[in-house]
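A.B. asks: Protein chains in written order, with the working numbering: chain R, 1 to 88; chain U, 1 to 588.
These are calculated hints, taken from the structure and not from any lab test. You may find that some hints are simply not true.
Unchecked claim - Dumping the calculated SDA-like pairs for lysine to any residue here, alpha-carbon to alpha-carbon at most 20 Å:
id, chain 1, residue 1, chain 2, residue 2
1, U, K375, R, N10
2, R, K24, U, F99
3, U, K132, R, V7
4, R, K60, U, V127
5, U, K375, R, Q57
6, R, K9, U, Y135
7, U, K132, R, T16
8, R, K24, U, L90
9, U, K375, R, A74
10, R, K9, U, R126
11, R, K24, U, K502
12, R, K60, U, Y135
13, R, K37, U, D133
14, U, K502, U, E453
15, U, K123, R, E41
16, R, K30, U, V97
17, R, K37, U, R126
18, U, K392, U, H327
What the hints assert, rightly or not - From the derived model, a few chain R residues whose C-beta atoms are all more than 12 Å from chain U:
id, residue
19, V6
20, E56
21, A62
22, R64
23, D69
24, E71
25, A76
This one's a predicted model, so the numbers in the text were calculated from it and none came from an experiment. By construction, the Cβ of each residue, glycine as well, lies at the ideal position given by its N, Cα and C atoms.
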Amino acid sequence: MIQREVVVKNRAGLHTRPAASLVKLAAKFKSDFFIDKDGFEINGKSIIGVMTLAAEQGSKLALRFTGEDEEQAATAVCELIERGFDEA
Amino acid sequence: MSTKADSAAREEVVLKGIPASQGIAIGPVFLIHKMDPVIEERSILPEEVGREISRLEQAIARSHKELRKILDFAEKKLSDDKIKIFEAQLMILEDSVLFDSIYGRIRNELKNAEFVVHDEIGKYHRVMLASKDEYTRERAHDVEDVRNRILRNLQEQKLISRLEGSSVIVSYNLTAADALILSRNEVLGYATDIGGVTSHTALVSRALKIPAVVGLRNVSHVVHDADRVILDGYAGRLILNPSAESIKRYEAKRERYHEFEARLAGLRDLPAETLDGRRVDLSANVEFEQELEFIKIQGADGIGLYRSEYLLVGKEVFPSEEEQFEHYKVLAETMYPKRVIIRTFDVGGDKVMMEPVREGNPFLGWRGIRVMLDKPDIFIEQLRAILRASTKKNVSVMFPMISTIEEVRHAKKFLEEAKHQLRNEGVPYDPRIKVGVMIEVPSAAVMAEDMAEEVTFLSVGTNDLIQYLLAVDRGNDIVSDLYQEFHPAVIRFLRRIVERGKKKNAWVGMCGEMAGDPLATILLLGLGLDEFSVVPNVLPEIKKIIRSVKYKEAQRITKRVLTMQTAGEVRTYLKKVMKKKFPDIPID
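Work the whole structure out from these sequences, hints included.
C.D. replies: Shown next, in the form of structure tokens:
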């Protein structure tokens, strides 16, 4: 299991579009992926789950990856969030 | 029902709302109930699990098909940012984590599909509704919409998309999907309890040119199916059980508008010039790119107010410089060589706000230029986008909600900074781009002469100016009667602004609602206004009035109005003038 902490950097936070990119990316990996925000945990592969997080800019998220490709999954997801979801 | 109640029920009732899309509709009501579906919790036998799951699969497939159809239809009729609403709903339907847990619960808990769907999606819905984030709370409606769509399909109810005969659709609220799908029938008009000018119903009905009144509060409880109503999309009224006289009156009003509109079409290519040769600019207020063709057809001298904040409707973030540039470029190129005045984002007050800010009095709070000056990055991005679109030299920039000279200077500094950046990058722009300010705060009006020294033009925003000058919130029913555009103080104030502005060689225009009120045209002309910027549909009417009077005569009428002491006197006098000179112009 890999755990990572990230801060949401992009202006919009985890709104619909960033949420969709995150879920789509996570779906490419076999590992389970969970996101915890302030003690509220959701499945990172579920769009409806990510939408409920209401993670605005500056939110701290604890990410948890479990599975055979957890290393690659963690790297890819963290990079996407770090890049601010490639938001213009 | 007793005879007494019956006759009471048939009494004419007038409901006031917000005019969202122009036109008059007369016809029977088709009431759309959007109540929560009744969900029964039922236990199933283990051998029924397969059947329950396949029922749900079919319902999801049907919902998917419906949403795809709506999306396709939306792509043809609506712009990009409105399409996103439907995309998000489709994504939820494709959420395998969500549906795996729903299928799992049906298997393990042995409950019916309706109950599990309602309960499982309800968990997310509740969390979202309770969110502090306004955007997330709004998205909760999308989640609810998807849930209700699946539930309806589970219960094998048909989507109400076919109406019998033509009707006025009445509902608590209409989603963009509802309005769009229903419009394939003969919809006469839309009336809803909630919503504002920027609600989905409003946007869609304007795009489809169907009359609509929103924000009628409780109309969906007051009316019944097949009740006769008149929907007045000009004044924002719904008249329930109209009397024979009312129907006659409104039929006449509709007829007058139609005839008049046809006759006005001939004025398209003629200038807005008085009989004795005073030429004014008659421009259009624009919110959406889709309106551009219409404006050209109506014969506008340009765009006197482009409300750039409409780019923010339905958006999660301020659009990027590139995205804005694309929009502004289309405006500038389509209208060329006519002028386009782009007003920088006017957020706050009753307008679009990108972030939820709780203010005790938003109209006196963080809005317009005040917000932009606090957000230099966003402001510079917008100014860069406007400048880049100005290469054909027909673009001007205007700042809203100015209340001090410092704000004007400060905003101009940002403009210089944006120019400086572009120059260094070798990006072309119009170095002599014209700058103007909105005069909508009394302090700016008092300082009109000084304002005029800073800029090329002043544009009076009457809606806010009147509200601030008279201390009346026109959205407040209790006092909205006191919102009087013909209040002598307003007229005298306007005279002052025009005189002082012109003294310093600024041209003075008006882009508030008053500019588009035919009853005010002669008066405003007589005050010496150089430009009228109006909603596109009234443009030909205003042009006709301007073309039918002498400037000298208008000045005489204005002089007389300036001696009056009450709004009532002014209105009565102007109505008399209009009736005599323009018996065919419909005036309320």
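A.B. asks: Evaluate each hint against the coordinates.
C.D. replies: These are the hints, each one checked on the structure:
Restraint check: the Cα-Cα separation between U:K375 and R:N10 comes to about 16 Å, which is no more than 20 Å; the hinted pair holds. Of the supplied pair hints, the one linking R:K24 and U:F99 holds, its CA atoms being roughly 16 Å apart against a limit of 20 Å. For the given pair, U:K132 sits about 19 Å from R:V7 by alpha-carbon distance, which is consistent with the 20 Å threshold. For a cut-off of 20 Å, the pair hint linking R:K60 to U:V127 stands: about 18 Å separates their Cα positions.
With a C-alpha separation of about 16 Å, the suggested pairing of U:K375 with R:Q57 holds against the 20 Å cut-off. Restraint check: the Cα-Cα separation between R:K9 and U:Y135 comes to about 17 Å, which is no more than 20 Å; the hinted pair holds. Of the supplied pair hints, the one linking U:K132 and R:T16 holds, its CA atoms being roughly 16 Å apart against a limit of 20 Å. Distance hint between R:K24 and U:L90 is fulfilled; the C-alpha atoms sit about 14 Å from each other, no more than 20 Å.
Annotation: proposed proximity of U:K375 to R:A74 is violated, straight-line Cα distance about 34 Å (limit 20 Å). A hinted pair counts as satisfied when its Cα atoms are at most 20 Å apart, and R:K9 with U:R126 does not qualify at roughly 26 Å. Annotation: proposed proximity of R:K24 to U:K502 is violated, straight-line Cα distance about 59 Å (limit 20 Å). Distance hint between R:K60 and U:Y135 is fulfilled; the C-alpha atoms sit about 19 Å from each other, no more than 20 Å.
With a C-alpha separation of about 14 Å, the suggested pair R:K37 and U:D133 falls inside the 20 Å cut-off, and the hint holds. At most 20 Å may separate the alpha-carbon atoms for a hinted pair to count; U:K502 and U:E453 meet this at roughly 10 Å. The suggested pairing of U:K123 with R:E41 holds, with an alpha-carbon distance near 13 Å, which does not exceed 20 Å. Between the alpha carbons of R:K30 and U:V97 the distance comes to roughly 13 Å, so the proposed pair stays at or under 20 Å and holds.
For the hint linking R:K37 to U:R126, the alpha-carbon distance of about 17 Å falls within 20 Å, and the restraint holds. Between the alpha carbons of U:K392 and U:H327 the distance comes to roughly 15 Å, so the proposed pair stays at or under 20 Å and holds. The non-interface label for R:V6 is consistent with chain U: the shortest C-beta to C-beta separation is roughly 18 Å, beyond 12 Å. Non-interface call for R:E56 relative to chain U: violated, since the shortest CB-CB distance, roughly 6 Å, does not exceed 12 Å.
For R:A62, the condition that its CB be more than 12 Å from all CB atoms of chain U holds, with the nearest at approximately 18 Å. Every CB of chain U lies more than 12 Å from the CB of R:R64, the least distance being 15 Å, so the non-interface label holds. A cut-off of 12 Å between C-beta atoms confirms that R:D69 is not in contact with chain U; the least separation is 18 Å. Here R:E71 stays apart from chain U, with its beta-carbon at least about 22 Å from theirs, past the 12 Å limit.
The Cβ of R:A76 sits about 18 Å from the closest Cβ of chain U, beyond the 12 Å cut-off, so the non-interface label holds.
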